[in-house]
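Trainee: Sequences and hints are given; from them, build the entire structure.
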Amino acid sequence: MEDSVEFFSKDRLSLVISDQKELLRNIIPLKNWVIGRNDRKELAIKAGAPKVLLNLFSSKESSLEEKYEVFIVLNSLMANDKKAFVHFLRPEDLLSVIELVSAKEDVPKNVFIIILKVFTIMLSFDQAAEFVTQVHFSRLFNRLFDLYCLPTQKKYPLFDDIQISSLAASVLDHMVSSRNPQVDSVPSFCNTIFSTIAFTSRLKESVRYRYFKSCDTLIVNSLAILNSYFKVFSLRANLPRSIELEGENDYEELGDLKNLRFSLFGDKMSERIFELFSLAREYHSSIRLLALSCLVTLYKSGILGKDSEEDIKFIVIPILIRLFSQSQETQQIAPRLLAMLVNENEVMQKVAANANVIISAKELLNKVVKHSNDEYPITEVGCLTDALRLPTNTKEQNDLIMESLLLFIAALTTSKDEYRKMVVDANYLPIIIDALSNDSKDIRKAACECILSLTRSVYILRTGLAEADLNEPLMKLLIDSDVRVQSSAMAVVCNLLLKFSPLRNKFLTPGFIDVLVANTAAKDKSLRRKAVWALRNSVYENDEKLKRDIIQKVGHDRVLELCNDEDLGVQEQILQVFRNFACPKGEGVYDFLEVISLPVLLSIIYQKLLTHNPVLIEPGIFTLVHIASSDDEFRDVILEEKNILLLVKDTMLKEAERYRTEHVSDNSSSTGGSEVELQDDEYDLEMRPAFDILEEDTLESSSGILLAGIWLCISLLWSNQGSTPTEQDTQGAKILRELGFEDCLYLLQNHPSPDVRERIKDALSRIHVFN
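Here the sequence shown is numbered in the working numbering, starting from 1 and rising by one per residue.
Among these hints, one or two may not hold up.
[Said to hold, decoys possible] What follows is a set of in silico ranges between Cβ atoms, one per label pair, in the way DEER data are often shown:
| no. | residue 1 | residue 2 | range |
| --- | --- | --- | --- |
| 1 | F262 | K506 | 55 to 63 Å |
| 2 | H371 | D311 | 34 to 42 Å |
| 3 | N366 | T611 | 48 to 56 Å |
| 4 | P502 | D636 | 35 to 43 Å |
| 5 | V458 | A198 | 48 to 56 Å |
| 6 | V347 | S270 | 17 to 25 Å |
| 7 | Q127 | D524 | 22 to 30 Å |
| 8 | P502 | N427 | 14 to 22 Å |
| 9 | I35 | D267 | 14 to 22 Å |
[Unchecked claim] Only pairs whose alpha carbons sit at most 25 Å apart, straight line, appear in this in silico DSS-like list of lysine-lysine:
| no. | residue 1 | residue 2 |
| --- | --- | --- |
| 10 | K476 | K499 |
| 11 | K31 | K60 |
| 12 | K416 | K350 |
These are calculated hints, taken from the structure and not from any lab test.
These numbers come from a predicted model, not from an experiment.
By construction, the Cβ of each residue, glycine as well, lies at the ideal position given by its N, Cα and C atoms.
Mentor: Following this line, the structure appears as structure tokens:
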């Protein structure tokens with residue numbers, strides 16, 4: 001070995017690697033020189049080995065024996081530094097591997113093993129995985145599935161058979177998780193994997209330790225395939241989330257659910273689910289975790305149904321919490337799975353909280369923070385790390401654990417003040433606030449999600465967060481290099497700018513407003529929407545000078561662009577900005593109309609009314625309400641806009657008819673004042689923790705539109721009932737009667753909402769004064 005070390009001096013190494021033929025002649029000495037020595041691997045990579053090695057195994061001049069040695073060196077170097085190869089990997093390199101994998105004869109098992117190892121690493125590159133799954137899926141899938149089933153075809157499989165099956169499972173997992181539409185939903189696929197898991201579990205009982213460990217790896221990789229397949233299948237099936245259902249009868253088409261279950265499991269669903277729960281109780285933590293992941297995915301998608309909720313509460317959640325204190329591998333994923341279960345699900349949140357999870361999570365978080373600066377490679381990589389492509393460096397592992405824990409805390413505190421108080425009392429806040437400045441963008445984003453959940457509580461805003469030093473870190477995050485971090489930070493800021501937030505005035509500095517205005521022009525629609533939402537909260541019942549500075553900085557052109565933004569949420573939020581500028585009465589209306597003239601504003605609102613979209617109609621009408629109330633001259637101008645008023649009346653009639661038909665009882669308590677609300681992610685999925693949850697945005701109408709229309713009538717009528725109505729007052733009432741508003745109001749007298757009925761009385765009394 002010393003001769004080999006001397007032979008591959010730095011100059012000699014560069015000379016050998018620079019020539020393909022020379023490298024091929026020295027491939028075995030090079031193999032012996034680099035294996036097991038990370039320092040030598042780095043030297044070989046720096047000398048240009050990746051490109052030359054890839055060229056060698058794609059060369060048709062190389063024999064199979066020579067390619068085998070090349071593969072061994074490639075596997076060793078790629079395992080050490082994958083990024084060094086990504087720039088040199090070409091379609092022809094992938095095709096060479098595919099040809100060898102597809103060959104059914106004349107390929108020794110040891111060659112197959114090393115080929116599959118290299119192929120798995122190659123597929124970790126996104127472009128390589130896309131090329132293989134989109135272009136060569138059919139060619140590969142059946143062949144790999146045959147290799148995967150190799151052990152079950154023999155009564156006593158050899159060690160090589162198990163290893164080939166395990167590696168084939170790893171490649172299959174990459175292909176299935178690509179969400180390629182060519183993966184058919186057939187029961188035989190899942191049932192074959194379950195059969196292989198059962199066979200391997202039995203085999204473990206009768207083989208020596210070497211087989212025993214390999215069998216565990218095969219089971220883990222098999223569960224990884226199922227986990228990926230269930231996720232893809234759930235997304236494609238587009239079922240409602242289980243937490244939204246009272247029972248299976250709530251599905252509009254129960255037959256579709258049965259068909260979906262049959263396409264996954266055939267007539268063996270109960271048996272397969274029982275097997276997953278059995279695996280969740282295995283002693284091997286990696287097997288437990290992946291079985292639990294499969295169950296969580298099936299439950300969240302609605303495939304398991306409501307009847308499995310008790311098992312999820314009293315089997316899955318306790319095991320996941322126990323995994324917090326087990327291997328470093330499971331600690332990276334268990335909190336994330338638990339987050340998926342408790343996210344916006346008060347039943348699951350209660351179960352987890354009662355299991356003392358807040359203390360367990362804090363103990364793990366303290367441990368991670370203590371070792372956050374440790375950075376060294378993991379010498380022995382576990383099978384779960386390979387199956388889930390987890391980090392192989394302690395620093396990255398600790399980062400992933402911290403991110404998962406923060407996402408869990410964010411999910412646990414989405415709904416209940418009780419759990420938010422428990423988190424604050426457990427002294428999480430210092431760690432969460434420090435995490436806002438972490439080097440990892442994923443941790444920064446997760447910390448923002450935690451703060452966002454906490455700021456949904458008025459109590460926490462006024463107590464736990466009142467003295468928190470959030471200004472500097474959040475200001476930096478608003479200009480973060482990662483747009484997802486910016487977007488999450490902006491969501492937090494939206495809540496901190498509410499009128500009752502003690503932190504509001506700390507943020508409203510000229511520099512901060514400049515950042516908000518700049519982000520209204522961001523390319524990312526989520527960030528734009530939240531930036532406008534932050535402006536909406538900033539101008540509500542605030543200092544007139546501040547409001548004037550804000551609208552002047554936004555400017556006429558930018559306002560018009562936001563009104564016509566491609567994203568409906570941005571349009572809705574800029575209309576809410578209009579509404580908040582005009583409420584309450586004050587100079588703000590005049591300052592606003594200096595930037596956007598009244599004719600232009602009326603034109604914008606008219607166009608939004610024509611969309612018949614409730615989320616645009618309500619703030620648009622309330623803007624008219626406040627402007628009409630602020631100045632008699634403005635009121636008279638609005639009364640001349642017959643087209644706008646007719647659209648408002650028609651909208652009110654449609655809302656009245658909808659309520660009459662559906663017999664909906666609405667206990668809305670809205671008033672003519674502008675609404676202020678906690679940022680609660682009406683449109684943006686990204687603002688919620690980034691779990692594997694698929695949700696559709698919903699835009700629902702409410703009695704708020706009716707109230708807006710009624711308040712507009714009131715604001716356009718005689719405003720001072722203690723004095724004699726003027727000629728303009730009389731003319732305004734006449735216009736509304738001629739447009740049909742009086743009849744419309746009579747139709748709404750028996751509306752189910754008491755607030756609507758009360759406002760109707762007020763409006764009719766004003767019209768009747770002039771009769």
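Trainee: Which hints from the list above does the structure break, by number from lowest to highest?
Mentor: Structure breaks hint 9 only.
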